[in-house]
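Chemist: Residue numbers (the UniProt record's numbering), protein chains in the order written: chain W, 1 to 178; chain Z, 1 to 731.
Source of the hints: derived by calculation from the structure; they are not laboratory data.
Some hints here could point you the wrong way.
Said to hold, decoys possible - Below, a sample of chain Z positions facing chain W; criterion: calculated Cβ distance under 10 angstroms: (1) 217; (2) 226; (3) 612; (4) 674; (5) 675.
What the hints assert, rightly or not - Below, simulated SDA-like cross-link-like pairs (lysine to any residue); rule was C-alpha separation at most 20 angstroms, straight line: (6) 83(Z) with 129(W); (7) 11(W) with 233(Z); (8) 582(Z) with 292(Z); (9) 294(Z) with 284(Z); (10) 128(W) with 65(Z); (11) 128(W) with 83(Z).
Keep in mind that this is a model prediction, so the values were computed, not measured.
C-beta atoms are modelled at their ideal positions from N, C-alpha and C, and glycine is treated no differently.
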Amino acid sequence: MARYGMFIDTKKCVGCYACRVTCQMQNELPVEISYIHFHEQETGIFPNVRNEIIPVQCQHCEDAPCETVCPTKATYTTEDGIVLMDEDKCIGCKYCVVACPYGARTQDHHTGVINKCRFCADLVAEGKQPSCVSTCISDARIFGDLDDPNSEVSKAIVKHNAQPLRPDLGKSKIYYAR
Amino acid sequence: MLDTKLSRRGFIKASTATAALASVGTVGFNQWSNEYVKASENVEVLEIPSTCNGCSSKCGIIGHVKNGRLWKITGHPDHPYAKGKLCARGHGYATLVYSPDRLTEPLKRVGEGKFEPISWDQAYKEIAEKLNQIIKDHGPESISLTEDPRASGKYYSPRFINALGSANYYTHHVVCSNARDAGFLHTVGATSTSADIGSAKYIMFIGRSYGDAIRPSSVKALAEAKDNGAKIVIVDPRLNNTGNLATEWLAIRPGMDLALVLAMSHVLIRENLHDKAFIEKNTVGFEEYAKVLKKYTPEWAEELTGIPADTISRIAIDMGKAKPKALIEQSWRGAFGCNYENSTETGRAVAMFNALLGNLQQKGGSVFSGKPNLGKLDSAKHPSPKEPELPKAGVKEFPLAYESNGVATIVAKEALEGKMKAAIYNHSNAALGYGNPKVMKEALSKLDLVVSIDVQMSETALLSHYILPDVSYIERTEAIEGLKGKTPGMALRQQIVDKVHPQTKPIDVIYKELAEACGVGQYFNFTLDELNEAMLKPTGISYQELKEKGTIMFPDQAITLGEMPKLKTPSGKVEFYSETYKNAGFNPVVEWVEPKVNPDKNSFRLITGKQAIHSHTQTANISILMQITKDYDLERIWINPARAKALGIKEGDMVEVTSSEATSKIRVKVTERIHPEAIFVPSHYGITSKDQKIGYGIGFGYMEHVPFDFEKWSGSGNIHEVIVKVRKVEG
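Chain W extracted, bound-state conformation:
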């Protein structure tokens, strides 16, 4: 049993959107639906400027508010800490959309089902990396077991003192080096 999480280094992210597109294709999403969105933060004044790009997706919170509010238990957390959706149970009520502090849930208007990043649970089950991680061109993303202190992800979090995006909003499992 693992406790899967992710590390994202925004100092390496070049905002190339490869993660978004590979995720869409992996999950066979319609083009207007994406599980990953991007925030740009520009600081400073010309010519002393920094532009940070922050990719945001489901943070796979330990105490996932989307799971708490789900009236049909369509949202659940696996033994490995991945927050998933049982699409057959979803009634499209959007409680989870409102409850998610990260705006990570999106409705597929073709089916009515609400969905979100699944940490590519099926790939992970095969021992592979989530598609956003395996294609990240600058290796800004690392995925693995947060409970294993020797995993690459744990080591990177410690090395960079990476923090959840909003620690005040719940115990999320994606850590950002910024």
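Since chain W is already given, all that's left is putting chain Z on it; use the hints.
Modeler: Just chain Z now, kept in the frame of chain W:
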């Protein structure tokens, strides 16, 4: 609500599982849908190695095919450019295969923008008759072929036009790297070096952005260099997306890069930090060069570039100390591929700066690539066309340009002059991308025959008399691609899924059949497989093995760093002084050249560049990519806040951009990331072909504002020699 019981995901997965379920008999919907999804989830996924077509890098890919349909693409782990990764274009462009806007049958123009389908036989017959008539009336020098080359094209296209007796083969480089190519060619004997980024300690990029025009392995190497403590300097009027990997941004005035490089070269010599042993052994003309450089002080450059003299000196000195693991990256288009009147000379100065650092063929420096040893067709059985009698059009006017790629816009110039009569465009949207679209349209309209080979109705196709529908790169096998690099290799593009549109054909077949119709079929008396078998012969690797692996590298043929090869310059050495230049009527030593035009306080220079999600204008109609543009308003122009304020322009406002050539309406992004003198417009938009329903009408094409022009040295397009005014408008 039944729809919600079955996810879209399930529907797609289940697409061909129905047959298996036919035997289930009468069941309830829930049971049926559960079975339906379950059956499909066990479907076998085929993984077929091939190469990407999202840009000219042609990274190795793996196509994942489910139920005969392309599901997704991943990066080929062995391919040196991909290393298991792909950019957004690489992933998303693959959906082209299922685009509803594909060309599906041969078309003949019957009026402005009007086409009717014809058979292949009729198309070949009519095109051949016209080509032969034009050759008879005006000579083979009046026909031309232009492409954005890919593996098969590189082999077949020049062979086809040569078979007809013409040398007029051109590539897109006139608006890519023609200037850099010429500058490098006459200095180091190669149109380009590659950069050993992973081992470099000090890296300068001039306009080149790894984070915007992506080759995955380059970004990975740069991130590693950063982790290893390398200094990474970006010289660019805008803070491009590589900014996050950089240690310093030099916000240079656009068009002044040459001044910066000359001044840094001046500092290296002044501070005695140039590699004297390397220069002594491997170069000619250093004395003349050093003498000329004396006047290019950092203080002189500060005035032009806006970069403080102290900064110029500091960076040059630090690079001198880090040599030979220091370099100016060679770029593709960057800031000096085709941008300014001084671009060729900038390319030349960059190659010379790297030579001063003695970094050529050194670890962490500039590297001359090794080439794989691939075979050729047996010339006794498969004779090559004989060398055309007349030289390629444009060689006389631009003798310094790299002849193999030529100056593609000479076709338009000669069309306007009535000398060029026919143009074939393969995988090339020259009418929108190579020169001012109004001029290109006028030029192409003057031609007796224009043929386009393409997958979608490009602006060039719209101006063609005949359009021949190519299969997409997902549906075709091509000639083997030799991979140059520190370690050479080879990659095969191969068919991943069955042809979607039965009437489409790959170009090896199109050229062969068209050549037969033209009466020169004897030069195409082989199949693609025979060609590939011949290429493989010296490697000892079977075609089957290459098909299975997709990419194969030759580590035993890797180049040895530290050993300078004999250069292909006339002297065999780095040429700080060029007789070739002199003979062509140019200054044999590099000197400062002013840009052609300069903005005043009421105007801006219009600059352009790539975005990571698009490639030229070929991806504008790919919905999965264009949706990103829409979601993040990426088609907007960039303007500096101080200038915006003075003009009463706020973030998101609609403005009018006016140049000598055109007026465009567009929204603005107000950002500190851009030099006050410049307006940045991404280069992928402004599709005017209504048949490209996704791309049509989004943003504007920067080429609309670029005067039709040739840079004096390399003939390249001078695409940043544009002054614009901006004003707020309603909208």
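Chemist: Need the status of pair residue 83(Z), residue 129(W): alpha-carbon distance at most 20 angstroms?
Modeler: With a Cα-Cα distance of about 15 angstroms, the restraint between residue 83(Z) and residue 129(W) holds, given a limit of 20 angstroms.
Chemist: Taking 10 angstroms as the limit, does the beta-carbon of residue 674(Z) come near enough to a beta-carbon in chain W?
Modeler: With Cβ-Cβ at 8 angstroms, under 10 angstroms, it holds.
Chemist: Sort out whether residue 65(Z) lies within 20 angstroms of residue 128(W), counting only the CA atoms.
Modeler: holds (18 angstroms)
Chemist: How about residue 217(Z): closest beta carbon in chain W under 10 angstroms, or not?
Modeler: holds (8 angstroms)
Chemist: Taking 10 angstroms as the limit, does the beta-carbon of residue 675(Z) come near enough to a beta-carbon in chain W?
Modeler: Status holds, d = 7 angstroms.
Chemist: Would you check the hint for residue 294(Z) and residue 284(Z), treating anything up to 20 angstroms between C-alpha atoms as holding?
Modeler: Answer holds: residue 294(Z) to residue 284(Z) is near 18 angstroms, not above 20 angstroms.
Chemist: When the nearest CB of chain W is found for residue 612(Z), is that gap smaller than 10 angstroms?
Modeler: It holds, given that the least Cβ distance between residue 612(Z) and chain W is near 4 angstroms, below 10 angstroms.
Chemist: Is the straight-line distance between the alpha-carbon of residue 128(W) and that of residue 83(Z) 20 angstroms or less?
Modeler: Answer holds: residue 128(W) to residue 83(Z) is near 16 angstroms, not above 20 angstroms.
Chemist: Hint check: residue 11(W) vs residue 233(Z), CA-CA at most 20 angstroms. Holds or violated?
Modeler: It holds: about 15 angstroms lies between the C-alpha atoms, which stays within 20 angstroms.
Chemist: Holds or violated: is the Cβ of residue 226(Z) closer than 10 angstroms to a Cβ in chain W?
Modeler: Residue 226(Z) check passes; min Cβ-Cβ to chain W is 8 angstroms, inside 10 angstroms.
Chemist: Taking only the CA atoms, is the gap from residue 582(Z) to residue 292(Z) under or equal to 20 angstroms?
Modeler: holds (16 angstroms)
Of the numbered hints listed earlier, not one is contradicted by the structure.
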